[in-house]
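Novice: Residue numbers (the UniProt record's numbering), protein chains in the order written: chain F, 1 to 805; chain V, 1 to 284; chain A, 1 to 164.
Just so you know, these hints were derived from the structure itself, not from any lab.
A couple of the hints might just be wrong.
As the list claims (entries may be wrong) - Cβ-Cβ distance ranges computed for the label pairs, FRET-style:
1) Ala155/V <-> Ser63/F: 50 to 58 Å
2) Asp163/V <-> Asn35/A: 40 to 48 Å
3) Arg33/A <-> Asn36/F: 45 to 53 Å
4) Glu739/F <-> Ala159/A: 25 to 33 Å
5) Pro748/F <-> Lys160/A: 52 to 60 Å
The C-beta atom is built at its ideal place from N, Cα and C for all residues, glycine as well.
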Amino acid sequence: MKDEIDNRDERVANLKGLGCSRKRVEDARFTQGKGNYVDDIKLDGMLFGDFVRSPYAHARIKSIDTAAAMEVPGVLAVLTAADLEPLGLHWMPTLAGDKQMVLADGKVLFQGQEVAFVVAEDRFAAADGIELVEVEYEELPVIVDPFESLKSDVVLREDLDPKAPGAHGPRKHPNHIFTWEAGDKAPTEEVIANAEVVATESMYYHRTHPCPLETCGCVASMDKVNGKLTLWGTFQAPHAIRTVVSLISGIEEHNIRVISPDIGGGFGNKVGAYPGYVCSVVASIVTGKPVKWIEDRMDNLMTTAFARDYHMTGKISATKEGKITALHCHVTADHGGFDACADPTKFPAGFMNICTGSYDIPTAYLEVDGVYTNKAPGGVSYRCSFRVTEAVYFIERMIEVLAIELNMDAAELRRINFIKKEQFPYKAALGWEYDSGDYHTAWDKALKAVDYDGLRAEQAQRVADFKAGKTRKLMGIGLSFFTEIVGAGPVKNCDILGLGMFDSCEIRIHPTGSAIARLGTISQGQGHATTFAQILASEIGLPADSITIEEGDTDTAPYGLGTYGSRSTPVAGAATAMAGRKIRAKAQMIAAYLLEVHDNDVEFDVDRFVVKGAPERFKTMKEIAFAAYNQAIPGLEPGLEAVSYYDPPNMTYPFGAYVCVMDIDVDTGVPDIRRFYALDDCGTRINPMIIEGQIHGGLTEALAVALGQEIAYDDMGNVKTGTLMDFFLPTAWEVPNYETDFTVTPSPHHPIGAKGVGESPHVGGVPCFSNAVQDAFRPFGNRHTNMPHDHWRIWRTANELGLHD
Amino acid sequence: MIPASFEYYRPKDMAGVIAILQEHGDEARVLAGGHSLIPMMKLRMAEVPHLIDMQDVGGLSDIEIGPDRVRIGAMVTQSDLIDDAALAKVAPILREAALQIADPQVRYMGTVGGNVANGDPGNDMPGLMQCLDATFVLIGPDGERAVAARDFYEAAYMTAREDEEVLTAVTIPLPKGGYAYEKQKRKIGDYATAAAAVQISKDQNGCSAASIAMTNLSDTPIFSEAAGAALVGTSVDDAALKAAVAAMLNDIDPTEDNRGPIAFKKYVAGVILRRAIERAWSRA
Amino acid sequence: MSKKMHITLTVNGKEEEFLAEPRELLIYTLRERLNITGPHIGCDTSHCGACTVTINGKSVKSCTLFSAQANGKEITTIEGIGGPDDLHPLQSAFKEHHGLQCGFCTPGMITRAAKLLQENPNPTEAEIRFGMAGNICRCTGYQNIIKSIQAAAAEMNAAKEAAE
């Protein structure tokens with residue numbers, strides 16, 4: 001008995017709770033090839049659907065002839081907009097308050113747009129059918145540049161009243177979607193006009209794509225006997241998909257079951273609703289059979305949600321000593337043919353208004369204009385919270401440009417402008433209230449770890465050697481300090497399609513002291529089944545190994561808004577802790593009853609309740625669980641279950657300090673990442689192993705975006721980067737080893753102090769890689785060059801700076 | 001991505017292959033490793049109603065090292081080239097180049113014959129074979145003939161091979177001197193932004209012979225006789241290197257693509273060539 | 001539609017016979033005909049390696065090979081590398097060292113790594129990076145994949161030494 005009381009450390013370890021690098025429970029199936037992804041689903045009589053897609057970026061559809069396709073053995077149906085129109089399903093609402101064609105209704109607005117849906121007995125027949133659908137197009141002028149779009153007489157969206165306001169207010173031009181503002185315009189302009197120093201820069205954050213290794217897809221199965229629709233798919237937000245499907249199909253929500261099985265990466269690509277989902281549902285209703293639709297990689301890159309495509313212009317003012325006084329930012333946002341951004345309703349430019357970054361900037365103004373062009377719709381948050389990557393890239397470039405203007409070290413400029421520890425909670429000029437931070441400590445730790453002064457000395461020597469003709473390689477030191485805004489979000493200002501962005505957890509404790517918890521989120525590789533069990537283990541005193549976590553089945557899981565924007569830990573993780581506390585509260589009463597003392601006379605200790613002052617008198621949670629099902633306790637219902645819907649009081653604000661050291665071959669434009677140091681502060685750390693894995697992955701996606709990954713169009717609106725030959729996904733050969741580090745500044749409002757981490761490395765990584773490239777050329781007069789920094793663009797910078805013979 | 005339907009043949013001998021080619025003309029294609037052809041078929045950019053799988057045709061997978069020449073069967077894979085220690089001794093440039101092609105899985109399947117016969121300007125082996133002054137052995141209804149690698153390529157995907165012929169082997173005079181295969185690419189699995197194959201020999205007077213070819217800088221590989229000539233008789237000093245590069249730049253004709261514009265490609269071609277020559281010379 | 005062919009494959013030690021169109025890619029045979037769904041389709045153009053299997057001792061991307069080409073051959077997929085009762089050291093090492101996240105690339109990754117360790121039982125980090133460059137992972141940044149393969153190599157070498 002005494003041993004059992006004394007071995008507290010052992011009991012804590014046994015739980016594998018918070019802070020433990022617990023191995024992942026998901027891995028057994030994945031390492032043995034037993035994952036269950038949507039394309040693994042096989043149902044009796046299942047049909048396959050696939051799209052006829054437009055080869056043109058802008059064209060009128062004169063006619064569609066499906067007769068030859070219908071002759072292909074195995075082809076059962078070819079759906080066009082004309083077939084969907086009577087059902088009211090030829091258009092669907094987007095998450096951004098716009099509408100989008102499900103199948104081309106009279107015209108197409110981007111290359112690859114869905115024109116007809118061929119349904120066949122197998123993939124082969126569907127593919128053959130597609131080839132035989134004859135579509136007559138009349139080409140229209142193509143606009144791929146948003147600035148040109150706002151001047152053009154060519155109206156892209158003929159379905160919209162050109163004078164009517166859009167979902168986010170007045171429109172200035174038929175091709176204009178919205179103007180969104182934050183901050184104070186006049187005071188900002190005034191401060192800048194009178195400032196001692198002003199730096200101005202325009203930058204283009206190019207269009208790219210989340211490109212998870214698994215493409216998007218679904219299986220729709222309409223059970224006509226029971227009137228139930230089941231939809232399996234690659235959904236980052238299964239509950240929201242259920243509501244959307246109900247709203248657009250008219251099927252009552254209780255008759256729809258949406259299931260997200262294992263998902264092969266999402267990164268934002270799988271948040272939205274795509275025409276393939278709607279067509280599969282319709283095809284299943286029409287045929288009475290299950291219908292599968294799976295994108296191929298070209299479909300994925302050309303048509304499902306892209307990310308970024310932000311043209312940003314900034315002005316930043318400061319005193320001669322480098323104290324920033326104001327920031328002005330204008331964005332022209334290219335949203336493609338439909339506004340299908342995935343943002344909370346009130347934020348058509350996402351949280352771009354976090355663009356004052358980690359700095360105490362007293363006055364600021366942001367204005368964003370959304371514009372239609374002949375490109376694919378989207379604008380999702382690729383491994384970031386809504387537009388946070390854009391915001392952080394913007395401010396971290398503006399800081400560098402200001403440092404050049406001031407002839408100052410960029411690390412020092414950051415230091416003198418950081419929000420101070422004692423200023424938290426900090427109300428930023430563009431509206432957000434940062435929860436907690438200790439930026440100076442993190443920055444100093446990072447600079448010390450890399451020997452920043454030593455690196456600068458080495459760089460100076462390198463510049464001297466270069467000028468003396470001793471080397472053709474330059475050295476760049478990339479810095480970034482980022483503050484994210486994640487965990488959307490408080491229902492008072494965050495909703496998607498009117499659904500508040502709370503999240504949820506429901507727990508059932510089984511009699512023998514194990515448990516199942518279900519959440520409204522869905523893992524796409526983040527390891528929720530592992531980490532949420534750890535949160536619970538620490539809260540309820542049962543081992544994580546005895547807790548099953550289940551997500552993604554809307555028939556069983558409580559309603560939640562899903563996984564993106566690093567919201568799972570801040571919101572669903574909080575719900576989990578809160579539900580656990582409800583369990584614990586009831587367990588306390590049961591324990592007190594069993595121990596024959598008053599409720600207030602027992603206290604929780606790791607895995608048990610003990611009588612205060614008498615540690616030998618206790619009931620373990622395992623014992624309490626059994627008692628909940630076996631004792632008739634006066635005043636208490638049997639059982640031990642709880643549910644929590646958590647509406648976060650605020651966002652969380654993870655931050656970090658990154659340094660990249662890069663060598664650049666001036667003659668070939670080839671960069672070589674010599675070192676990358678990443679310090680992250682995500683508040684309370686649930687599973688250090690998983691945090692580190694998230695950081696490695698996010699940094700690698702950042703490397704890709706900064707150094708080459710783009711969706712490029714030619715003037716005719718043709719996608720030039722439609723396969724993995726041209727769309728840059730780095731292999732192990734192109735990726736360095738990363739050094740990771742951390743500080744811990746808990747979130748004061750989160751039940752366990754956690755802030756979320758999955759997107760930090762991407763948000764902070766992109767400017768860090770980019771700044772490294774740009775810093776290498778700073779001694780030769782470089783101010784700013786746009787990403788992606790692929791070989792030829794780096795070479796061009798060197799060339800324009802006169803570094804070639 | 002699903003290819004269109006086709007008839008599949010797996011003849012046991014060359015006569016069987018040629019009979020099918022004769023029957024179907026340009027509607028038939030031979031399949032070696034398939035890593036150029038199958039993706040094109042899946043994208044439905046190549047229509048191949050009759051596909052002739054070469055794997056059962058014997059005698060195409062040997063590497064024979066003779067006193068003067070190396071003979072490499074068309075079905076020898078890139079990984080076979082890499083793993084052949086004897087070959088690495090007599091013609092190390094083959095291994096150096098093969099290691100820079102695609103990735104391990106693709107090298108297990110990709111063949112020398114497919115790489116040289118396809119006529120894809122992005123493939124590495126054609127330029128290398130021109131550098132090495134290889135000869136391609138073609139067999140057709142009228143028997144066997146040999147075509148010099150330097151005469152084989154006419155335009156992108158257009159070669160001296162007739163529709164009814166099959167490339168069965170590559171023979172290479174034993175290379176002499178120093179070698180280098182230098183390639184710049186965006187990532188593993190990419191074609192070259194620029195690649196250079198160099199063989200160079202040295203005697204007491206300096207460079208005695210030099211053979212230089214480059215890849216993916218025109219619609220065919222570019223063997224530049226002038227570039228080699230610019231080195232012969234020199235000590236491969238800066239002036240000679242510049243002359244060789246200038247000669248090559250005169251012979252290439254790159255086009256703009258996602259790897260970059262023409263000016264960049266020409267510049268990088270010069271840099272890569274210079275590095276290749278310097279490395280080859282250091283090994284001569 | 002062209003004439004169906006009679007094809008025989010030995011998959012994970014089991015002989016499979018069926019009739020298929022010549023255009024049936026091996027990945028579809030495995031996944032849809034034989035319900036061997038470990039290998040995945042990621043890119044369709046032989047870049048990503050999610051579909052990697054071993055055919056007669058060679059690592060092959062099964063999205064770029066017709067089953068007709070594999071007729072008569074021996075194929076190993078992740079399912080044949082190890083299961084609950086006979087885990088391969090790589091399967092344990094990937095879990096132990098967090099060498100996977102979403103799991104979609106993992107079957108191809110481990111299948112390729114198993115072959116790599118046959119080719120080179122003692123690879124350096126650079127050799128692993130080069131030897132695994134035909135397999136793309138979007139989640140891990142590769143660092144823990146490398147670590148997992150190194151750990152498995154060490155374990156396999158130790159076991160081999162102990163057996164000798």
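Novice: Now look at each hint and say whether the structure bears it out.
Specialist: Outcome of the hint check:
1. Ala155/V <-> Ser63/F: 50 to 58 Å: The hinted range 50 to 58 Å is violated for Ala155/V and Ser63/F, with Cβ atoms some 37 Å apart.
2. Asp163/V <-> Asn35/A: 40 to 48 Å: About 41 Å separates the Cβ atoms of Asp163/V and Asn35/A, which means 40 to 48 Å holds.
3. Arg33/A <-> Asn36/F: 45 to 53 Å: Check failed, 18 Å falls outside 45 to 53 Å.
4. Glu739/F <-> Ala159/A: 25 to 33 Å: holds (32 Å)
5. Pro748/F <-> Lys160/A: 52 to 60 Å: holds (54 Å)
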